[in-house]
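Read top to bottom, the protein sequences are chains U, G and H. Per the working numbering, residue 1 is the first one in the first sequence, and the count goes up by one each step. Per the working numbering, residue 493 is the first one in the second sequence, and the count goes up by one each step. Per the working numbering, residue 610 is the first one in the third sequence, and the count goes up by one each step.
It is worth saying that the hints were derived from the structure and are not from the lab. All the pointers check out, no bait thrown in.
Heads up, simulated EDC-like pairs for lysine to aspartate or glutamate below, C-alpha to C-alpha not over 16 Å straight-line:
{"hint": "1", "chain 1": "U", "residue 1": "Lys102", "chain 2": "U", "residue 2": "Asp155"}
{"hint": "2", "chain 1": "G", "residue 1": "Lys590", "chain 2": "G", "residue 2": "Glu603"}
{"hint": "3", "chain 1": "G", "residue 1": "Lys590", "chain 2": "U", "residue 2": "Asp155"}
{"hint": "4", "chain 1": "G", "residue 1": "Lys604", "chain 2": "U", "residue 2": "Asp155"}
{"hint": "5", "chain 1": "G", "residue 1": "Lys604", "chain 2": "G", "residue 2": "Glu591"}
{"hint": "6", "chain 1": "U", "residue 1": "Lys154", "chain 2": "U", "residue 2": "Asp107"}
{"hint": "7", "chain 1": "U", "residue 1": "Lys154", "chain 2": "U", "residue 2": "Glu103"}
{"hint": "8", "chain 1": "G", "residue 1": "Lys590", "chain 2": "G", "residue 2": "Glu600"}
{"hint": "9", "chain 1": "U", "residue 1": "Lys154", "chain 2": "G", "residue 2": "Glu591"}
Quick caveat: nothing in here was measured; it's all calculated off a predicted structure.
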Amino acid sequence: MLAHLPILQVIVPLLAAPFCLILRRALLVWLFALIVSGSAFLISITLLQQVLASGTISYDLGGWSPPWGIEYRIDKLSAYLLLIISAISTVVLLAARISIQKEIPADRHTLFYILYLLSLAGMLGIIATGDIFNVFVFLEISSLSAYSLIALGKDRRALWASYQYLIMGTIGATFILISIGLMYQMTGTLNMEDLSRRLPEVAQTRTLFAAFAFFIVGVCLKLAMFPLHLWLPNAYSYAPSIVTAFLAATATKVAIYLLIRFTFSVFGISFSFTALPLQTIFLLLGLLGIFVASTAAIYQENVKHLFAYSSIAQIGYMIVGYSIGTTTGLMATLLHLFNHALMKSALFLALGAVIYRIGSAQLSAFQGLGRQMPFTMAAIVVGGLSLIGVPLTVGFVSKWYLILATIENGWWPVAVLILLGSLLAIVYVWRIVETAYFKEPAASIGQVKEAPLAFLVPVWVLVAANIYFGIDTRLSIQVAQAASQSLFGVAP
Amino acid sequence: MILGLYNYWIVIVLMMIGFYIMIAHGNLIKKIIGLNIFQTSVFIFYITIGKVDGGTAPILADGITRYSNPLPHVLILTAIVVGIATTALALALAVRIKEVYGSVEESEIQEKDNQKC
Amino acid sequence: MKDLFAVVMLSGIYSLLTASFFVAMDAVDVAFTEASVGAGIFTLLMLTTITMTGRYERAARHKPTLALAVVLATGGLLIYGTLDMPYFGDPQAAAHLHVAPRYIHDSMQEIGVPNIVTSVLASYRAFDTLGEVVVIFTAGIGVLALLSVARRPEDDAEINSVNDSMHEQHLILRIVTKILIPFILLFALYVQFHGDFGPGGGFQAGMIFTAAIILYAMLFGLSTARRVISQPLIRLLTAIGVLIFGGVGVVSLLNGGNFLDYNVLSDDPVAGQHLGILLI
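Given the sequences, and given the hints that come with them, work out the whole structure.
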């Protein structure tokens with residue numbers, strides 16, 4: 001069975017989804033979804049071990065050898081991402097049952113889990129596959145389910161946000177489709193491995209240049225990179241809390257993965273970094289993203305909005321790390337990917353707990369919550385510290401490596417700017433802390449109880465992970481380093 | 493040289509019409525139609541890639557040796573389905589938006605949201 | 610054009626033209642799908658939607674300059690990209706030399722189905738097809754989650770009354786449709802079973818089925834259609850459809866082969882067909 005793990009990773013949640021329709025009872029479906037997600041997690045752990053021990057795994061679907069059939073290809077980078085996504089999904093699902101009771105009408109609970117599983121399967125599929133057209137198909141599975149998940153939000157603005165996301169996302173996907181078509185036209189293959197061998201022959205053509213540009217723009221739309229981020233704040237804010245926690249931690253990560261995978265493994269580093277002034281553009285946009293989004297975050301009255309903007313800023317950090325174009329820089333990006341997934345899922349889940357109790361995410365409603373929901377608020381504080389990058393949290397580790405990478409390259413101003421960006425993070429996190437701990441609760445709210453255990457357990461699992469990986473950095477660093485080295489090593 | 497590429501250019505013009513409708517129009521339904529045109533033109537582009545001069549449809553038969561490339565056809569079959577799925581979802585969203593906002597015009601929806609905030 | 614009805618009709622015609630263009634390009638399967646999906650399903654879905662959202666577009670107040678600039682930039686980039694492309698129809702183009710020849714030369718021995726598109730779709734790239742089935746399933750679930758539960762009883766009554774008045778007016782249409790539908794269904798069955806040899810196959814057949822059902826629903830009112838085809842049944846069918854397809858893969862996996870390693874095609878059109886039905 002071990003040999004079939006790559007396909008099982010994707011196919012288990014994929015097939016479990018329709019099976020949920022037969023189960024029908026929401027509780028059963030929840031348990032089932034939890035088991036499925038958990039087993040996906042176990043599979044990803046095994047896969048990571050296998051990859052670390054024996055190198056890249058390739059799996060031919062349908063028994064046709066690539067490039068004729070579709071290949072699944074798990075290398076260190078993809079195993080690492082599979083692990084992050086399935087882990088976050090499992091922990092978030094733990095809290096899902098109780099959270100959606102208040103946010104989604106009861107008759108749609110089953111559908112919610114189905115969409116959730118499909119979204120998970122879609123993302124895992126994107127990561128595992130080694131075929132560019134297959135990427136497109138799974139991209140659509142994950143995005144279609146993400147649109148519907150967001151539209152399930154209680155607020156009517158959720159619908160509008162979802163619609164905007166749909167339009168932007170589809171433009172992005174179609175751009176990627178055009179790019180795939182151009183690449184196919186020039187090389188006659190769809191397999192990534194095969195492409196990376198055949199693309200250099202046509203590297204000088206204008207067609208390939210166009211393909212590359214389309215791909216970058218398409219992915220950046222999905223990524224919500226700075227100038228193309230407009231869909232993200234609303235989509236995150238009005239979606240049900242669980243959905244936000246899940247998507248914020250995973251969806252943009254998958255887009256980053258695609259960016260890295262295509263630029264490094266398919267187009268090849270030498271092409272990617274010379275065809276366009278990509279480094280400069282990304283560096284500038286990344287830094288601008290950090291500052292604009294952090295500043296916007298400071299002025300938000302809704303905490304969900306606040307963290308959504310902070311997500312855009314964090315994506316900025318990843319882009320900066322990526323644009324440095326060295327092993328350390330890429331490693332910082334990969335670390336931040338992992339760390340940001342941990343902190344944002346913890347934060348949004350804790351927010352979900354707050355919304356569960358007080359029914360609002362307005363900052364004004366947070367007054368005095370520090371005393372009334374001590375554990376939840378403590379979780380938010382730790383998450384916030386991690387966002388800032390305080391030592392002993394994961395946020396520190398990735399920022400440390402990011403700054404290290406910039407200094408290695410002699411980009412002092414960039415390092416300073418990154419630190420300045422962190423200062424902005426202090427400001428917006430402090431606003432929450434101030435309201436929650438130093439303001440008297442508004443009289444009208446009355447007594448608010450601590451969040452139920454079903455929330456606290458997953459939240460604190462994530463918070464503990466935040467601290468654990470902040471102190472014991474061996475595992476995450478080792479994997480991220482191995483992944484980024486192999487990316488630089490393999491490519492010509 | 494120009495003649496050899498004319499087909500692509502027509503496709504590109506179509507593509508851009510669809511794309512323009514998508515981003516410039518305020519009506520949600522119109523946007524979806526634009527999306528559809530955009531995607532369909534991408535499909536035409538793929539099929540264009542697959543065409544071989546003097547080839548026939550890729551169904552094996554005696555006495556024919558040159559076929560058009562079947563692979564783009566397969567891809568587009570998949571992509572058409574994906575496209576219609578997206579359209580269906582977008583339309584469902586538009587219907588719901590109409591239900592709760594009472595309008596499918598972008599500007600009006602934005603106005604109503606601003607009032608509420 | 611402010612009248613959405615006209616716009617929808619035009620886009621339907623556009624789809625049909627595209628389909629005939631596909632035939633000219635030797636892509637009969639694709640043409641088939643485009644005609645049934647683009648001209649059929651899409652137009653029907655659109656019409657259903659505009660009956661619910663209103664027919665006329667408000668006078669536009671948008672600022673087109675930015676959009677125009679973006680569009681021109683994109684178009685310019687694409688044209689720039691075409692300059693190095695192989696010429697249209699050139700048999701020496703890279704796309705025709707690398708992977709495709711194997712499909713053309715060997716698929717008869719390896720799969721045993723004369724329609725190359727079918728064999729690539731169902732075997733070489735079966736996983737894409739599974740993905741496509743799942744996409745439809747996802748969209749179906751999404752639509753269900755958005756629409757099915759939200760409707761309150763009053764709304765239903767309202768829609769019914771609207772429907773009723775519409776039906777009075779369209780007596781001729783109704784009769785014509787009634788006569789047509791059996792033929793459409795028959796044709797769908799034909800396409801389904803003929804798929805191995807001629808163009809067509811499970812999915813297109815499912816689509817034609819769906820078109821017939823939507824047509825029915827539009828003209829006779831949703832409530833009647835619901836009575837004819839019960840919703841739980843559809844759900845069950847869909848789930849089973851996806852599971853059958855996946856199941857084939859799992860079975861072959863248990864037998865020691867790789868996923869989706871099968872030599873029998875018969876199962877997969879069935880899945881497509883069930884899924885097509887879901888779209889209502």
